[in-house]
Each structure stands twice: as structure tokens, then as C-alpha cells.
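Chemist: In case you want the letters, here they are:
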Amino acid sequence: MSSKRKKQGSEHLQRVIDMCKSIEERSLDPFNVDVDDIIAVVQKYFPEWELPEELCLDAEAIHHLASIIKLQGDWVKHRSTSLYTDPFLLEEKIRRLSKEELATLFLEAWHPIIELEQISLHSLAEATKYWQDLLPLSERWLKTGSLEMETGATTREELVKLRILAEKTFLEELEVFWEELKHRVGREEKIRYWDFIGADNYSETTKRAYMASFLVTYGYATLELHPLEEEIFIKPFEKPKSMLGKKQTVSIPVSVSYEEWVRWKGGKPN
Amino acid sequence: MKRKAYYARKIKRAAHLLFYRRHRNPGVKGWELRRRLGSDYPKVIKILDDHLEKLDLTVKTVFEGEKPAGEPTLEQLDKARFYTTLRGGLAPKETKMMGWRIDDIAGLATAISYIIAKKGKAPREEVEELLRNKLPGWRVDINMNRYIRYGYLAEDENKQLYLDWRTRAEIDQKALVDLLLSKEKTLNGYA
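Top line first, the protein sequences correspond to chains R and D. Mind the numbering: the first sequence is residues 4 to 273 in this note's numbering, read in order. Mind the numbering: the second sequence is residues 1124 to 1314 in this note's numbering, read in order.
No lab work stands behind these hints: they were computed from the structure. A few of these clues could be false.
[Stated by the list, open to error] Computed list of chain D residues with no C-beta within reach of chain R, every gap over 12 Å: (1) K1127; (2) R1157; (3) R1159; (4) G1161; (5) I1170; (6) P1191; (7) P1195; (8) K1241; (9) I1271.
[Unchecked claim] Using 30 Å as the maximum straight-line C-alpha spacing, the simulated DSSO-like pairs for lysine-lysine come out as follows: (10) D:K1133 to R:K96; (11) R:K102 to D:K1241; (12) D:K1152 to D:K1127.
Just so it is clear, CB atoms sit at the ideal spot from N, CA and C, and this is done for glycine as well.
Bound conformation, chain R alone:
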């Protein structure tokens, strides 16, 4: 067998292995693989393999092909059971039903397990062992003794240089941010939360989200939620309002994950 043909053969087998793997891993339709065709390919090259690596590749291809045949078997078995439903049909049904309807349906088929949790002899023994191995507080504190340092004085400039203090105070920075919000909102009373906090890079976005949370907490702005559209708007106040003690405040968690940022950036008009 010429080396060119051998190379071609091993590339062919590698492609077969990759295709089988992708079907196994991504739950694709196993009937996309024509088993007879692949067996013909394996048979074509097999008599001429000599090196152990070549034989291993051949064995691997057969192994993956066997997995595909098993998946095909499972598929036929599943279609013949009463649980078979067309996934597209079911997906459509799930989409059409409301949360309440889905939950009510589910409760009819759900029979939760009844169980009591209690301390067992084993966990008691574990606890006793832990307690016996635990050093007395006096000994544990010895290990974390603090180092004695000479004290001295420092200036504000030095602290800024060391990045312990910011050049602007936090409140100053917050007020600049508030002004920016008012400017961005303009005549519209509000702006989409993500359009305001979103920046060109993710770290700047998280920083802006952090600042925005203080704008709301300190009464410089408020959030407006539209749960049906799943949209959040931020609305600046003309003057800061102190909500503390006047009204019951509510915490609103807003996810600012990397994936959300990528989605926002992708959907942003250029």
C-alpha cells in the first residue's frame, strides 16, 4: 500500500470516527450514518493496515460504529414505546402552555418521596471524631498570631498612588454617573438598563452595573420592570430621594453575566 493511499485511508477513518462522535455527543439522529457504507470503507482498508497505530484507528472506528448501531436500536425501541412523542410537537405544546397550566399538569403526575432526615450513628461518630481532633482555641489562635509592625503616617496622595483611595470620592463619582444618566435619558424619561450600563468591554459593563446599583439604592434613580417583555428600564430622579423609612424597599437582582453582555452587544444596532 503506498504511503499516499495509507494516509488517505487513515484520514477517511478519522472522519468516520469524528462523525460518529458528534452524533453520540450531540444527540443527533443516528440514522444519518449509513452503516453499510462505513463497513465497506473499513473493509476496504483493513487488509492493508500493518502498524499498531493503524490497527488501533481501525478498532476505534468499529467501536464508534457499534455505538451508533446501539443508538439506532434504542431509537427504534423508544419509538415503539408508549412514551414516544414527536419532540417538535411536544416542544410546541410546552411553548403554548402557560406556567400555571404546566405546573398544574405536572402536579398530577408528580408523587414526591416522603422521607425523614435524622442524625445517624455514622454521622454521630463522625462528629465525635471531628470534635476530638479539634485543637483548643488557645492553640489555634497561636498559629494565626499577627506580625508586629511599626506604625507611621501617610498622605492622601500616597493612598491614591497605592489605589487604596480613589482620586474622586465615591459620591462624587456617583453624581457624575447620575448626570450621565440624566443626559443619556434626555427627553425620554427612562432608558433601557442594558443600554445604559452596557459598555464596549465586559469589565467596564460590570463596573457600570455596580455604580447603577448605588444610583438606585441611594435614591438617584429607580428601576422600572416590565416582566412580560422581560425588560428593565432605569429612570433618573431630578433630585435624589431618600426611600429609607418611607416606603418598603425591594431588592431586584439583575444578572450581568458575560453571556448576557455578549447577547446585548450582538443585538445592539451599530
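Once you have looked at the hints, place chain D on chain R.
Modeler: Leaving out everything else, chain D in the frame of chain R:
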């Protein structure tokens, strides 16, 4: 009389074994029941099940692999896991006592029925995409991780989701699919 006392003692022991969790996961294996209750444990479990009916509870047997078509053999029972579960369904108000919100239940129903439709295996990405129709985006990941932690779903290294032990023990999968289908029929009927 002696026979009655014999079974009364065994039923008590079976109830203790089934109600108190002794392992990481609840439930007792058939072979453990045989060791503690004797070889006639299937009969003891049957009598206990009859007693529990008055309390709307039942002893559920979850077989390894698929449920045997006919009467299970002793070997199949030994390998099966036994749980005490609710016999009937829950009222929506009762779920609050268990710490489940309507969103969480709808999300679980969606994930499980989708995986059933996909022959017991589906990419996490696809399930999450479907859940985004029902739950706010930021809750999807939290809920999925919760379902996995509780044992309703399992995830492999390729981010494929499967139905896990708790789904097999607690959910009547066929009933769920049938209910979904019949609900659709009602909707079409109104349309």
C-alpha cells in the same frame, strides 16, 4: 395470631427502613429489605402499602433499567429501589410548603417532558433555550442547577442532560406525556 404478630413486627421494621433516610439518597434496595425482613419481603411491602393507602402514601418500586412487563422476578426486585411516595397528586397550594414556586415547577415540567420527548437525553443548551420562554433569563441557570442537585436531572461532561433517579422515583412519565397531549387537545377544541 402468631402469624399476625409476625407480620405486624415486620411491617413496623419495613416502615422504619423506608421512612428514615440512611444513605446519601433516600430509598432502600431490595436486597437490603431481604436481609432485614427475610425472603418474604415483597409480601411485607405489599401489606405496608395497603396500610399506607389510607394516608395517601404508597411504596414505589423503581426497577433497574426498564420496568418488567409481567410479574417481576425476585432477582429484579432485589436490584430495585423502594421508596415511599405520595399516592395521589399535590394541590398547587401544597407545593409552597415544600419550598417550590410555580416557576420552579413549570421549569421542571418543561425540562423533564422535553428530555422524555428526546428519548431521555437532550443538550443542556436546548433545554435552557426552552426554559427561557417560561422563566426570566437569570433564573434559568439557577433552576437547572437546582434540578440537577436534587437528582431530577443529571448532566454529563458533554453538557447532555438525562433524567436522574428522583425523576424515575417521583414522576409518572407516561402520565405526564399523556396529560400534556390531552391538554393540547382541549386547547385545540377551544380554538
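Chemist: Confirm or reject each hint.
Modeler: Against the structure, the hints come out as follows:
no. : hint               : in the structure
1   : K1127              : holds (26 Å)
2   : R1157              : holds (21 Å)
3   : R1159              : holds (16 Å)
4   : G1161              : holds (23 Å)
5   : I1170              : holds (18 Å)
6   : P1191              : holds (14 Å)
7   : P1195              : holds (18 Å)
8   : K1241              : violated (5 Å)
9   : I1271              : holds (17 Å)
10  : D:K1133 to R:K96   : violated (47 Å)
11  : R:K102 to D:K1241  : holds (21 Å)
12  : D:K1152 to D:K1127 : holds (25 Å)
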